[in-house]
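Here the protein sequences line up with chains A and B, keeping their order. All letters in the first sequence, in the order written, are residues 1 to 511 by the working numbering. All letters in the second sequence, in the order written, are residues 512 to 612 by the working numbering.
Quick caveat, the hints were computed from the structure, so don't treat them as lab data. A few of these clues could be false.
The calculated lysine to aspartate or glutamate pairs, modelled on DMTMM-like cross-linking and capped at a C-alpha distance of 25 Å, are [said to hold, decoys possible]:
hint: 1; chain 1: B; residue 1: K599; chain 2: A; residue 2: D494
hint: 2; chain 1: A; residue 1: K495; chain 2: B; residue 2: E523
hint: 3; chain 1: B; residue 1: K557; chain 2: A; residue 2: D234
hint: 4; chain 1: B; residue 1: K604; chain 2: A; residue 2: D303
hint: 5; chain 1: A; residue 1: K267; chain 2: B; residue 2: E522
hint: 6; chain 1: A; residue 1: K115; chain 2: A; residue 2: E459
hint: 7; chain 1: A; residue 1: K230; chain 2: A; residue 2: E155
hint: 8; chain 1: B; residue 1: K531; chain 2: A; residue 2: D234
hint: 9; chain 1: B; residue 1: K606; chain 2: A; residue 2: D234
hint: 10; chain 1: B; residue 1: K599; chain 2: A; residue 2: D303
hint: 11; chain 1: A; residue 1: K28; chain 2: B; residue 2: D516
hint: 12; chain 1: A; residue 1: K428; chain 2: B; residue 2: E523
hint: 13; chain 1: B; residue 1: K525; chain 2: A; residue 2: D234
hint: 14; chain 1: B; residue 1: K606; chain 2: A; residue 2: D371
hint: 15; chain 1: B; residue 1: K531; chain 2: B; residue 2: D516
Listed next, with one range per pair, are the computed distances between beta-carbon atoms [what the hints assert, rightly or not]:
hint: 16; chain 1: B; residue 1: I565; chain 2: A; residue 2: K428; range: 32 to 42 Å
hint: 17; chain 1: B; residue 1: A584; chain 2: A; residue 2: G295; range: 36 to 46 Å
hint: 18; chain 1: A; residue 1: L384; chain 2: B; residue 2: Q517; range: 20 to 30 Å
From the three backbone atoms N, C-alpha and C, an ideal C-beta is built for every residue, glycine too.
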Amino acid sequence: MGGAQLFGIFLFAAIVLLTMYITYWASKRNRSTSEFYAAGRSLSGWQNGLAIAGDYLSAASFLGIAGLVALNGYDGFMYAVGWLMGYIVVLYIVAEPLRNSGKYTMADVLAYRLKAVPVRTTAALVTLVVSTFYMVAQMVGAGSIIQLLVGIPYELAVIIIGCLMVIYVVFGGMLATSWVQIVKAVLLMSGTILIVLILAIMFGFNPSRLFGEVIAQNGIEYLQPGKLYKNPIDLVSLGIALILGTAGLPHILIRFYTVPTAQEARKSVIWAMILIGIFYVLITFVGFGAAVLVGPDAIREADKGGNMAAPLLAQYLGGGPGSIGGEMFMAAIAAVAFATIVAVVAGLVIAASGAFAHDIYTNVIKKGQADEKQQFRVARYTALVVGALSIIIGILAKGQNVAYLVALAFAVAASANLPTLIFSIYWKRFNTAGAVAGMLVGMVTAVALVMLGPSVMGENAVFPLANPGIISVPIGFLTSFIVTLVTRPESMEDKYDELFVKANTGMGAEM
Amino acid sequence: MERYDQIANSEEFKQLRRSKMMFVWPVVLIFIAYYLTLPILAGYAKPLMNSFVIGNVTFGYLYGMLCYIVAWALAFWYVAKAKQFDEKAKALKEKFSRKGA
Chain A
1 MGGAQLFGIF LFAAIVLLTM YITYWASKRN RSTSEFYAAG RSLSGWQNGL AIAGDYLSAA
61 SFLGIAGLVA LNGYDGFMYA VGWLMGYIVV LYIVAEPLRN SGKYTMADVL AYRLKAVPVR
121 TTAALVTLVV STFYMVAQMV GAGSIIQLLV GIPYELAVII IGCLMVIYVV FGGMLATSWV
181 QIVKAVLLMS GTILIVLILA IMFGFNPSRL FGEVIAQNGI EYLQPGKLYK NPIDLVSLGI
241 ALILGTAGLP HILIRFYTVP TAQEARKSVI WAMILIGIFY VLITFVGFGA AVLVGPDAIR
301 EADKGGNMAA PLLAQYLGGG PGSIGGEMFM AAIAAVAFAT IVAVVAGLVI AASGAFAHDI
361 YTNVIKKGQA DEKQQFRVAR YTALVVGALS IIIGILAKGQ NVAYLVALAF AVAASANLPT
421 LIFSIYWKRF NTAGAVAGML VGMVTAVALV MLGPSVMGEN AVFPLANPGI ISVPIGFLTS
481 FIVTLVTRPE SMEDKYDELF VKANTGMGAE M
Chain B
512 MERYDQIANS EEFKQLRRSK MMFVWPVVLI FIAYYLTLPI LAGYAKPLMN SFVIGNVTFG
572 YLYGMLCYIV AWALAFWYVA KAKQFDEKAK ALKEKFSRKG A
């Protein structure tokens, strides 16, 4: 065994030990449902901002986008831009009202003024669907990436990641998950900054020189749109899902319950936007750098999808294949990718557990009558089951092309969750029928269009676009709107006043 | 909980609500439309996107980078605005908690 391989194993062990210590520390404080779902609302704005970045920046962003840029140039860069933009919607219209009027889940806000049983059931269903799509994409990606980077079999990689996330969540709850995400955000940002810093020194801190080299090596079309996306409407459709979907992602929304006030929630979005934005700007340089220094052929040879672009670039910058520096840098980047994956899946497990345990069990089955001890126990059992199911689904989905599932999760979030969330907070006349119909129709439309589209049906696609957002988002909004208007107003208007005052002033917010 | 509808019906709250909605919604809608111009230009204005502006840096790259800068600028603008809303909300809370007591 070479020195670099030992170094890699040492790094993996260090990350696992550190996160286990965090979990041990958090487990002593993880004694109630509020601790389990919301970290006791104890995080500060910047801590939650780092955790949001850790929750959001997945391996698909780190390895996938670097590869997309390395193989397709400008189109990959343009794809990366969309991922930050949704946070404006989060910041301006969702984060603070959500923090002020909810408790543990997205459905809390809807159930405040609408009929609790139907809206909670539907919202929980949508949350489970969104989180499952996201989770499957993460697990399959994780399995193949770890296999590629470390050389352990796919199934074993999925089981290791699954077990780690279950331990973090079941024992350490949201507090452990948040700190795992914070550690991951620091590692991921440091790794990316280090790569880009070395690149910047090589190219004299001059992007123009890097782009000149891209033209010389890869051809001018690398700097031009159209290499990957032939149909502009498809890209607009993806853009709609990204910009509106972020504010409907359950695992991002629940992060705002971990801070004590709306002001801290606001600060956390600002921190998250700074980190996430810098990350996406830098990751495109990693991609262009890999295109020039490693070359698309070598990247494709290592992995058809381009996932090895960033690790191979690190290897080159460290001194090249076979050199101690190169192998060590690559092992470090592999360890960062590993930390990235476990942090994201842990966040998803909490979101899914909340939807089942808090919405369905406590508030629908038990009608809010479950005592604190029961709620806490059910929450942790649910997390255990969700984790086990994720491992099984991850193994079953081996070898499937699941990259489109992340975009689909955003599309469902934008088409089903966002309309209901916005109308609940901002529209007095909105009613339960509109909410339930909007969520179901929005979700079914998004899923059906993807099933009929080229991602699933290939050349025989009935629906021409890979991304359903341009159709399914308007349908989600319109269904909510029209169904509300054709059904009777609800007699809960005073509840709406209460919600709106709370949402805008923070009076009576959960502490 | 009549305190809440007292607040909801007060002139001060209605004014807070109006100023907030008049700020938040136009900004968000314009921003969404603005961001969607990026893929539209990339699809239908290739010569513009492909033109070099500074050295080997294309217009398309700068336009994409501008999206990040606009998003960050809007984030800080929101923080500045939200501080004003916070103050109004605080005044409201104080007024009505005194009345309620």
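Structure-based check of each hint:
Pair hint K599 (chain B) plus D494 (chain A) holds up; C-alpha atoms about 22 Å apart against a cutoff of 25 Å. For the suggested pair K495 (chain A) and E523 (chain B), the alpha carbons sit about 20 Å apart, so the restraint of at most 25 Å is met. At most 25 Å may separate the alpha-carbon atoms for a hinted pair to count; K557 (chain B) and D234 (chain A) meet this at roughly 16 Å. Annotation: proposed proximity of K604 (chain B) to D303 (chain A) is violated, straight-line Cα distance about 59 Å (limit 25 Å).
For the hint linking K267 (chain A) to E522 (chain B), the alpha-carbon distance of about 29 Å lies beyond 25 Å, and the restraint is violated. A distance of roughly 44 Å separates the Cα atoms of K115 (chain A) and E459 (chain A); the hinted pair therefore is violated under the 25 Å criterion. Only pairs whose Cα atoms come within 25 Å are accepted, and K230 (chain A) paired with E155 (chain A) is rejected, the gap being roughly 36 Å. Between the alpha carbons of K531 (chain B) and D234 (chain A) the distance comes to roughly 34 Å, so the proposed pair goes past 25 Å and is violated.
Proposed proximity of K606 (chain B) and D234 (chain A) is contradicted: the alpha carbons are some 52 Å apart, above 25 Å. A distance of roughly 56 Å separates the Cα atoms of K599 (chain B) and D303 (chain A); the hinted pair therefore is violated under the 25 Å criterion. A hinted pair counts as satisfied when its Cα atoms are at most 25 Å apart, and K28 (chain A) with D516 (chain B) does not qualify at roughly 42 Å. Between K428 (chain A) and E523 (chain B), the direct Cα distance comes to roughly 19 Å. Compliance with the 25 Å bound is thereby established for this hinted pair.
Simply put, K525 (chain B) and D234 (chain A) have alpha-carbon atoms about 41 Å apart, too far for the 25 Å limit, and the pair is violated. Only pairs whose Cα atoms come within 25 Å are accepted, and K606 (chain B) paired with D371 (chain A) is rejected, the gap being roughly 36 Å. At most 25 Å may separate the alpha-carbon atoms for a hinted pair to count; K531 (chain B) and D516 (chain B) meet this at roughly 19 Å. At about 51 Å, the CB distance of I565 (chain B) to K428 (chain A) disagrees with the hint of 32 to 42 Å.
A hinted range of 36 to 46 Å for the beta carbons of A584 (chain B) and G295 (chain A) is consistent with their spacing of about 37 Å. Under the hint 20 to 30 Å, the C-beta atoms of L384 (chain A) and Q517 (chain B), about 47 Å apart, miss the expected range.
Violation of the numbered hints given earlier is confined to hints 4, 5, 6, 7, 8, 9, 10, 11, 13, 14, 16 and 18; the remaining hints are satisfied by the structure.
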